[in-house]
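J.: The primary structure of each chain is shown beneath.
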Amino acid sequence: MTIADIVAQASAPGQPRSVGLSADECLKCNVCTTACPVARVTDLFPGPKYSGPQAQRFRLGSELAPGSGRLSVVPSPDRSVDYCSGCGFCTTACPADVKIAEMNNRARGALRSGRRPRLRDWLLGQTDLTGRLGGLTEPLANWGLHNRLVRVLIDRILRIDRRAPLPRFARRSFRSRLGRHWRGRWSANAPAPATSVVYFHGCAANYYEPEVGQAAIDVLERNGFTVIVPPQVCCGLPLISNGLYAPARGRARSNIAVLAGYARAGYRIVGTSTSCTHTLKAEYREMLDIDDADARMVAEATWDICELLVDLHAQGRLDTRFGALDRTLPYHAPCQLRSHGIGLPALDLFELVPGLRAIDLDHDCCGIAGTYGLKSEKYEIAMAVGKPLFERIRAGGAEQVACDSETCRWQIAAATGARLRHPVELLAEAYDAYLAAEP
Amino acid sequence: MARMTGPTRLPRIVDVLIVGGGATGAGLLRDLARRGLRCLLVEKGDLASGTSGRYHGLLHSGARYIARDPQAARECIAENAILRRIAPATIEETGGLYVATPDDPDDYVDAFADRCDAVNVPCDDEPLAALFRREPALNRQIRRAYRVPDASLEPWQLVEANLRDAADRGSQALPYHQVVGMERNGGFVSSVSIADLRSGTIERVVPRIIVSAAGAWAGRVAALAGIELRMSPGKGTMLVYNQRMTDTVIARCKPPGDGDIMVPVHTVAILGTTDIPVEDPDHYEVTPAEIEDLIYEGEKLFPDLRRMRILRAYAGVRPLYAAAEFARSGELAGGDRAISRAHAVIDHESRDGVANFVSIVGGKLTTYRLMAEQTADVVCAKLGVDQPCTTADEVLPGQGSGRGYYWLGDRLAAHEATGGGDAALICECELVTRPMLEAFLDERMPCSLDDVRRGTRLGMGPCQGAFCTFRAAGVMAARTGGTVAAQAEPVEDELVAFLRERYRGTRPIAWGRQLQELWLSTGIYWGALGLDAFVSPGSEAGDGHG
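Protein sequences appear in the order of chains A and B. Basically my numbering = 1-based index in the first sequence + 1. Basically my numbering = 1-based index in the second sequence + 7.
Calculated from the structure, these hints are not laboratory results. Errors might be hidden in some of the hints.
These stretches of chain B come out as covered by chain A in the derived footprint (C-beta under 8 angstroms, 3 or more residues) [as the list claims (entries may be wrong)]:
#, segment
1, 209-217
2, 431-442
Distance ranges between label pairs, derived from CB positions [stated by the list, open to error]:
#, chain 1, residue 1, chain 2, residue 2, range
3, B, Ala421, A, Glu212, 44 to 54 angstroms
4, B, Leu536, A, Asp44, 28 to 38 angstroms
5, A, Gly145, B, Ala535, 54 to 64 angstroms
Backbone N, C-alpha and C define an ideal beta-carbon position, used for all residues, glycine too.
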């Protein structure tokens with residue numbers, strides 16, 4: 002072996018580096034810190050370079066190897082990393098491929114490991130549980146969550162900000178409305194993979210916005226797909242963001258157990274929540290260290306719905322018979338979508354709709370970052386992060402704004418008063434407009 | 008040394024003059040001071056800037072020497088226990104694991120535990136499942152592991168603590184002071200000339216006894232007294248990794264060789280070492296062959312090693328002593344590694360007829376205190392002082408209260424407690440805050456940036472000074488006073504000298520990200536600031552520890 006061999010092998014593309022080891026790539030150029038929407042508005046978060054590759058060297062090395070779980074035998078030296086929102090812009094911006102956001106997320110997990118979680122964080126992590134309870138107690142739950150006095154109490158007791166945007170529970174969940182769709186695990190009797198897709202609706206479409214799930218089904222069926230809606234639980238991202246890795250692993254395992262059967266059989270898995278799909282694609286491996294063949298299979302089979310539709314279009318297979326939607330439509334690309342690295346497919350699709358004038362709002366983050374902006378100590382930060390976005394929307398005066406991610410939609414709607422819609426809802430509307438216009 | 012002048016003042020009279028400011032010299036200064044003697048220590052560079060500051064950071068359990076040097080092993084485990092008691096803040100309780108890779112000989116592996124037993128080194132079988140859970144980066148083909156009480160030990164703080172204890176008892180250490188002459192009066196050294204390398208002045212010191220604790224340089228010091236002492240300095244090269252791929256000292260279950268031990272020290276991990284005889288302890292180079300050898304062997308422990316970032320390569324010289332007395336026994340057939348790691352106190356009265364000259368040679372950092380104790384016993388016997396050694400019982404100053412051992416997260420946790428962030432940092436990589444730098448300068452000015460580095464770890468992280476050197480130089484300049492122009496020149500020299508020193512260690516491993524980092528640094532200092540800092544004037548090996 003010579004130095005030349007060492008150099009060649011050191012820089013050869015190989016398997017992806019573990020999150021911890023990727024700190025080796027940092028040149029301290031500070032591009033990530035410049036890109037950070039949170040560090041820009043508050044001193045409470047010192048920025049991704051500081052909390053990420055820099056602080057990483059003061060954390061235990063056992064995290065460096067791929068597939069390792071962190072030891073929680075020593076207390077975490079961290080504190081300020083709690084103010085990272087986890088939006089992921091740092092990782093996207095890094096010219097050296099440091100997994101900064103993932104590193105910070107793990108540090109937040111370590112910060113909480115070995116301690117009993119705060120009731121608030123535990124509750125915010127359990128979106129499937131709260132969704133189910135809320136659905137059962139609706140309309141009381143909706144009244145409570147939008148009553149000022151109750152919210153003041155929740156703020157005082159739980160530290161969920163009384164001003165933060167909480168969604169409304171749907172009276173009937175998306176799944177309970179499903180009719181003829183195949184809803185089981187994969188079996189040989191399931192509809193054929195070539196003409197079917199597996200829909201991962203996630204918690205938002207199921208408990209809060211069944212109309213988004215319905216729009217997805219409409220659009221997919223319009224394009225000749227049979228939609229399969231297999232059993233599923235929360236993807237686990239809210240748990241991950243709140244540092245609750247152990248229950249998140251449980252969610253991941255049960256989703257993988259179901260979805261891998263489909264992935265192996267050649268089905269594509271499509272989601273309407275860019276957060277859920279990114280979790281299936283990347284975070285099970287990078288955050289939860291689940292890196293087996295099944296998990297990889299699921300990751301590779303997973304698509305964001307707009308990504309899938311753009312792909313269909315590229316193959317000439319997308320039904321482009323859209324009716325006119327004559328309106329100006331500001332569009333906000335959520336952080337989680339950017340982490341997919343698939344461009345902004347919704348904008349490509351909007352171009353196919355006659356009359357629709359989509360405008361890229363071109364702002365990095367609305368501030369909410371999942372559950373971050375709901376917390377009393379972070380609400381003001383989240384609002385400051387999103388402020389330029391809200392101002393742009395208000396100044397434009399549009400009634401509707403499009404955005405792929407549910408929590409962003411709720412945040413922007415609350416901050417601007419606009420009606421927020423998933424891109425697939427607009428596509429479904431445009432298909433309907435075509436049918437209505439056809440004689 | 009052009010401005011040196013002759014002695015003008017009355018000579019300084021001391022009980023003992025110690026030559027060499029490494030761990031042994033510092034330990035001896037402390038020991039003698041505690042026995043009531045007034046001593047002076049001189050060191051030609053900064054304190055602990057020689058071998059003590061260029062070692063791998065391992066507090067030996069003794070397990071490394073069980074087969075070839077049982078005496079050294081016994082001394083190591085005894086001193087290991089003592090240092091844990093007297094200097095906990097300089098020690099990280101990493102533990103050590105001796106692992107059997109497929110390349111390691113069965114007979115050595117099988118005999119390991121018994122040999123440890125024989126020399127009282129505690130040794131436990133480590134179940135493989137626990138091993139890989141604890142250290143997941145290890146080679147999965149490792150078939151057996153033993154846990155021993157190795158640890159990592161920070162040399163600069165240790166030396167500093169010894170000197171402070173001595174200073175509290177009226178004994179002084181002078182860095183940048185070199186012995187340039189000794190006056191012999193028959194079988195007696197009557198006075199010693201010492202040059203202050205920074206001011207250029209020479210002072211005469213009259214000691215009752217001179218002890219050379221100059222390590223690899225002991226031959227030269229002895230020569231000044233007309234004594235022939237042949238040292239066999241052995242170069243050991245080490246690689247500094249940007250992050251700790253292990254939190255435990257990992258070594259191979261085999262006779263000690265090259266690249267077979269990884270020591271996590273502070274933020275880095277150090278892969279060591281080679282062992283090559285050198286002629287001159289001041290001039291030696293890290294060669295590509297050594298680096299290849301280290302990585303090739305190191306990969307047997309950590310298969311991913313080649314993809315991990317190396318910050319620098321450096322070498323230290325072991326103060327090996329191959330005196331005729333040792334060499335005669337014919338034990339040197341195994342090359343350098345066959346020379347005993349044990350130490351020897353040489354009383355030059357019986358050996359060379361010089362009554363008040365003693366040399367302490369050989370040894371290792373782990374046993375510095377024992378070496379100091381045995382040397383101090385000889386010195387005290389000569390001076391008729393009957394005071395017991397107390398260095399094994401009294402805790403060193405600055406060890407804090409309660410918390411005990413150093414922990415990797417200490418610095419980050421402390422910085423986080425004040426709000427964290429880069430704004431207060433001079434060195435971002437090693438989290439050196441402005442108050443930390445100011446406190447060091449308060450105590451040590453005038454000093455070099457390299458002294459600051461040893462005292463604070465400034466410039467020892469991945470950017471190797473790219474972002475902290477100009478900041479630290481600015482803080483230093485502001486303290487020198489005078490006009491801006493008057494401040495600028497010496498500080499600019501200092502800045503260039505520091506960057507060159509950093510570059511010396513980076514150059515042998517300049518590939519991948521570290522090469523890119525070097526270009527970034529070049530862009531800052533050469534491109535933006537117009538300093539020609541990256542033309543290395545010499546070819547000495549990089550400085551210690553990264």
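J.: Now tell me if each hint is right for this structure.
T.: For each hint, the structure was consulted:
Requiring three or more residues with a Cβ within less than 8 angstroms of a Cβ of chain A, the coverage given for the segment 209-217 of chain B is violated, as only 0 such residues are present. Counting residues of the segment 431-442 of chain B whose CB falls under 8 angstroms from any CB of chain A gives 3; the rule of at least 3 is met. At roughly 52 angstroms, the beta-carbon separation of B:Ala421 and A:Glu212 lies within the given 44 to 54 angstroms, and the hint holds. Checking the proposed 28 to 38 angstroms range against B:Leu536 and A:Asp44 shows it holds: the Cβ atoms sit about 29 angstroms from each other.
In this structure the supplied range 54 to 64 angstroms holds for A:Gly145 paired with B:Ala535, their Cβ-Cβ distance being about 60 angstroms.
In the structure shown, a violation is registered for the earlier hint numbered 1 alone.
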